[in-house]
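K.L.:
Below are the chains, spelled out letter by letter.
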Amino acid sequence: MRCISLLTDFGLSDNFVGVMKAVILKINPSVSIIDISHNIEPQNVFQASFLLKHSFKYFPKGTIHLAIVDPGVGTDRKAILVKTRNYFFIAPDNGVLSLTLEEESPQEIIQIDNPKYFLKPVSHTFHGRDIFSPVAGYLSRGISIYNFGKPIKKIKKIHFPKPEIKKDKLYGQIIYIDNFGNLVTNISKDTFLGFVRKRKFVLRIRNKIINRISTSYQDSDKKETIALFNSFDSLEISIREGSAKEALKAEISTPIEIIIVK
Amino acid sequence: MRCISLLTDFGLSDNFVGVMKAVILKINPSVSIIDISHNIEPQNVFQASFLLKHSFKYFPKGTIHLAIVDPGVGTDRKAILVKTRNYFFIAPDNGVLSLTLEEESPQEIIQIDNPKYFLKPVSHTFHGRDIFSPVAGYLSRGISIYNFGKPIKKIKKIHFPKPEIKKDKLYGQIIYIDNFGNLVTNISKDTFLGFVRKRKFVLRIRNKIINRISTSYQDSDKKETIALFNSFDSLEISIREGSAKEALKAEISTPIEIIIVK
Amino acid sequence: MRCISLLTDFGLSDNFVGVMKAVILKINPSVSIIDISHNIEPQNVFQASFLLKHSFKYFPKGTIHLAIVDPGVGTDRKAILVKTRNYFFIAPDNGVLSLTLEEESPQEIIQIDNPKYFLKPVSHTFHGRDIFSPVAGYLSRGISIYNFGKPIKKIKKIHFPKPEIKKDKLYGQIIYIDNFGNLVTNISKDTFLGFVRKRKFVLRIRNKIINRISTSYQDSDKKETIALFNSFDSLEISIREGSAKEALKAEISTPIEIIIVK
Chain A
0 MRCISLLTDF GLSDNFVGVM KAVILKINPS VSIIDISHNI EPQNVFQASF
50 LLKHSFKYFP KGTIHLAIVD PGVGTDRKAI LVKTRNYFFI APDNGVLSLT
100 LEEESPQEII QIDNPKYFLK PVSHTFHGRD IFSPVAGYLS RGISIYNFGK
150 PIKKIKKIHF PKPEIKKDKL YGQIIYIDNF GNLVTNISKD TFLGFVRKRK
200 FVLRIRNKII NRISTSYQDS DKKETIALFN SFDSLEISIR EGSAKEALKA
250 EISTPIEIII VK
Chain B
0 MRCISLLTDF GLSDNFVGVM KAVILKINPS VSIIDISHNI EPQNVFQASF
50 LLKHSFKYFP KGTIHLAIVD PGVGTDRKAI LVKTRNYFFI APDNGVLSLT
100 LEEESPQEII QIDNPKYFLK PVSHTFHGRD IFSPVAGYLS RGISIYNFGK
150 PIKKIKKIHF PKPEIKKDKL YGQIIYIDNF GNLVTNISKD TFLGFVRKRK
200 FVLRIRNKII NRISTSYQDS DKKETIALFN SFDSLEISIR EGSAKEALKA
250 EISTPIEIII VK
Chain C
0 MRCISLLTDF GLSDNFVGVM KAVILKINPS VSIIDISHNI EPQNVFQASF
50 LLKHSFKYFP KGTIHLAIVD PGVGTDRKAI LVKTRNYFFI APDNGVLSLT
100 LEEESPQEII QIDNPKYFLK PVSHTFHGRD IFSPVAGYLS RGISIYNFGK
150 PIKKIKKIHF PKPEIKKDKL YGQIIYIDNF GNLVTNISKD TFLGFVRKRK
200 FVLRIRNKII NRISTSYQDS DKKETIALFN SFDSLEISIR EGSAKEALKA
250 EISTPIEIII VK
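Chains as they are written, first to last, in numbering that gives the first Met the number 0: chain A, 0 to 261; chain B, 0 to 261; chain C, 0 to 261.
Keep in mind that the hints were calculated from the coordinates and are not lab data. Backbone N, C-alpha and C fix where the C-beta goes; we use that ideal spot for every residue, glycine too. Wrong hints could be hidden among the right ones.
Result set (EDC-like, lysine to aspartate or glutamate): computed pairs, CA atoms no more than 20 angstroms apart in a straight line [as the list claims (entries may be wrong)]:
{"#": "1", "chain 1": "B", "residue 1": "Lys221", "chain 2": "A", "residue 2": "Asp75"}
{"#": "2", "chain 1": "A", "residue 1": "Lys244", "chain 2": "C", "residue 2": "Glu40"}
{"#": "3", "chain 1": "C", "residue 1": "Lys119", "chain 2": "A", "residue 2": "Glu40"}
{"#": "4", "chain 1": "A", "residue 1": "Lys52", "chain 2": "A", "residue 2": "Asp232"}
{"#": "5", "chain 1": "C", "residue 1": "Lys188", "chain 2": "C", "residue 2": "Asp220"}
{"#": "6", "chain 1": "A", "residue 1": "Lys25", "chain 2": "B", "residue 2": "Asp34"}
{"#": "7", "chain 1": "C", "residue 1": "Lys119", "chain 2": "A", "residue 2": "Asp189"}
{"#": "8", "chain 1": "C", "residue 1": "Lys221", "chain 2": "B", "residue 2": "Glu103"}
{"#": "9", "chain 1": "B", "residue 1": "Lys119", "chain 2": "C", "residue 2": "Asp232"}
{"#": "10", "chain 1": "C", "residue 1": "Lys119", "chain 2": "A", "residue 2": "Asp232"}
{"#": "11", "chain 1": "B", "residue 1": "Lys77", "chain 2": "C", "residue 2": "Asp218"}
{"#": "12", "chain 1": "C", "residue 1": "Lys244", "chain 2": "B", "residue 2": "Glu256"}
{"#": "13", "chain 1": "A", "residue 1": "Lys25", "chain 2": "B", "residue 2": "Glu103"}
{"#": "14", "chain 1": "A", "residue 1": "Lys221", "chain 2": "C", "residue 2": "Asp75"}
{"#": "15", "chain 1": "B", "residue 1": "Lys161", "chain 2": "B", "residue 2": "Glu256"}
{"#": "16", "chain 1": "B", "residue 1": "Lys244", "chain 2": "A", "residue 2": "Glu40"}
Chain B regions said to be covered by chain A (calculated; three or more residues, Cβ under 8 angstroms) [what the hints assert, rightly or not]:
{"#": "17", "stretch": "24 to 34"}
{"#": "18", "stretch": "48 to 58"}
{"#": "19", "stretch": "166 to 180"}
{"#": "20", "stretch": "213 to 219"}
In isolation and in its complexed conformation, chain A is listed as follows (with noise of 0.2 angstroms):
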């Protein structure tokens, strides 16, 4: 059975996650839908970009992935079918997979222009049912992608702020908030490690030092601050039993600074 998973910003109290799992199921009916989240704050495309670079890859191959944050619906940003190696991207053409597409890179990329897929007539308001489900509906039943229309080069991209480095410092900042108010930085496992190496360090956020990486949320006092790297395999700032967001009224974008101790 196929899937389709489904990103938005359009929340769960409208019809409009619902309707349009209803005209997926009305062009193909045995089609398993995902909702992967529709809380994405209104016309958040980083924090979209964000999640769906976090869970893409874990779907079945072949699973086709709706992303829909899409202030600039009704205007003349395109609406973009990526296919890469495992999997198909709808978007609107803001830069919604950007990080996604940074790690599953495009082979083909379509600009969706043929409105023989689409519910007639077209809102200005929400291509997620006119255009993006319909069309999904349909690759999903094994249309060709250049039914959708003609093959483009270029996509707009965003860029999610990097952590720099300057000597023996390594300044990094919050750039998503979980449910339980664990506060994920920009620097990767990756990057802490590398720079870290076996030295000692003290990491600073708000007024809190920490100098060590916990192994679990368990691993420290109860209302203890404490560091560890997360699923998303980045430094992650967390309280145990608590809500870091809110013990440090951090916020997205919220500065954090890794020190090494000589």
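Mind docking chains B and C on chain A? Use the hints.
P.N.:
Showing chains B and C alone in chain A's frame:
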């Protein structure tokens, strides 16, 4: 594969929705269940009626729509099963199907009262689990609608506030607010265009004046209040990359008026 | 089609739930996955235990229930797979299965420790993805439970506060609050009826006095506080078309007493 849609005010924190799906799958394991929404405001039959009207027709023919916003559960309000040309609807008889059945007229209405198809004992507080879901499950297996109860002629209707025209003014109001804070009015695109024709107009909501219809959410400066036709084919008030609900302190029933300018 | 249920505290904002489903479908594409809830309060094993108890038996025979509220992830707490007469349960060994296994006794308990069925590398923070989901996926394909680890005899139990009877008084407390603000007590219908028999009683919660059991949520004037037996077969405090939680400022552990009137 037969499709069943769910629309409730049960929320997603309790086990109510999961248990309804379990009951359905126990009776018919090969059905697709799609959530329209479970975040209807508690007991808000109007809101559910609005979302059902704007969702049902996107589903595959033969879909069984369950709409359970049911403040009268456990009283003598009826449970009904409505067959239309393309769909089945199962709901408490409280008007939640009103707007939908104006578009898709009933061919047969059954008062559900055959306990053979209920879970036992039937609770006084959760007919979603004990009556509506098992009936949907058996219906999806092809049981005739006449097995569930006797045909009746009349069901309860609720009425939405209609827009009013007085000379050169069109008066409407906000009837739905979406996840993005967009304000959906009770003025359809057709009503608006029929009233305004090619004349100049100003639209007033709260202290804002708008004098044109935008073609997309980005057809404006940032933070500007705009009017456009949305995917419900209604007149909608929106703010680019912001929440019109918050900016205008608007709510359900907030008035809006369109005045022809001479 | 085999059914897998999910009950977690992961919330629906991150990609955690979607990724677990992806992992399962990659192993067994023809499984039905049903969400019981993902909005368990972070780390609240009691709440999850309560909802699982009131959900599991509505699912088709053979369903694999995953209950992942796991503050001890990454420590040496065990991962367990329990086979009962009708179901399978997969969970961290922290008591989350306690209430359920009082009703549906274990036929076999396996300590999951065979890495052959894990995703690699196993993270220290997300065994839902790396251990529990793949084990559920393989189990749903018919792999014998003995392949996942060795049988053990004892698992961790947690205990819910039991109601107490002292002479002519029955003392209980609120143990769950639902989406509507209804207050679920730890007093079962049987306990209540066995205690009260046909005698007159008054029920006291906060500053409210109730002296009868209502038959439905609407068996009262609007905004009146009532007591009734809910779909969990427990005594519940409710307010017609309102939130008892808010009106009474009640919370988990708020006491309730029933006093026989002479």
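K.L.:
In ascending order, which of the hints set out earlier in this document are inconsistent with the structure?
P.N.:
Numbers 3, 5, 8 and 12 - these are the hints that the structure violates, sorted from lowest upward.
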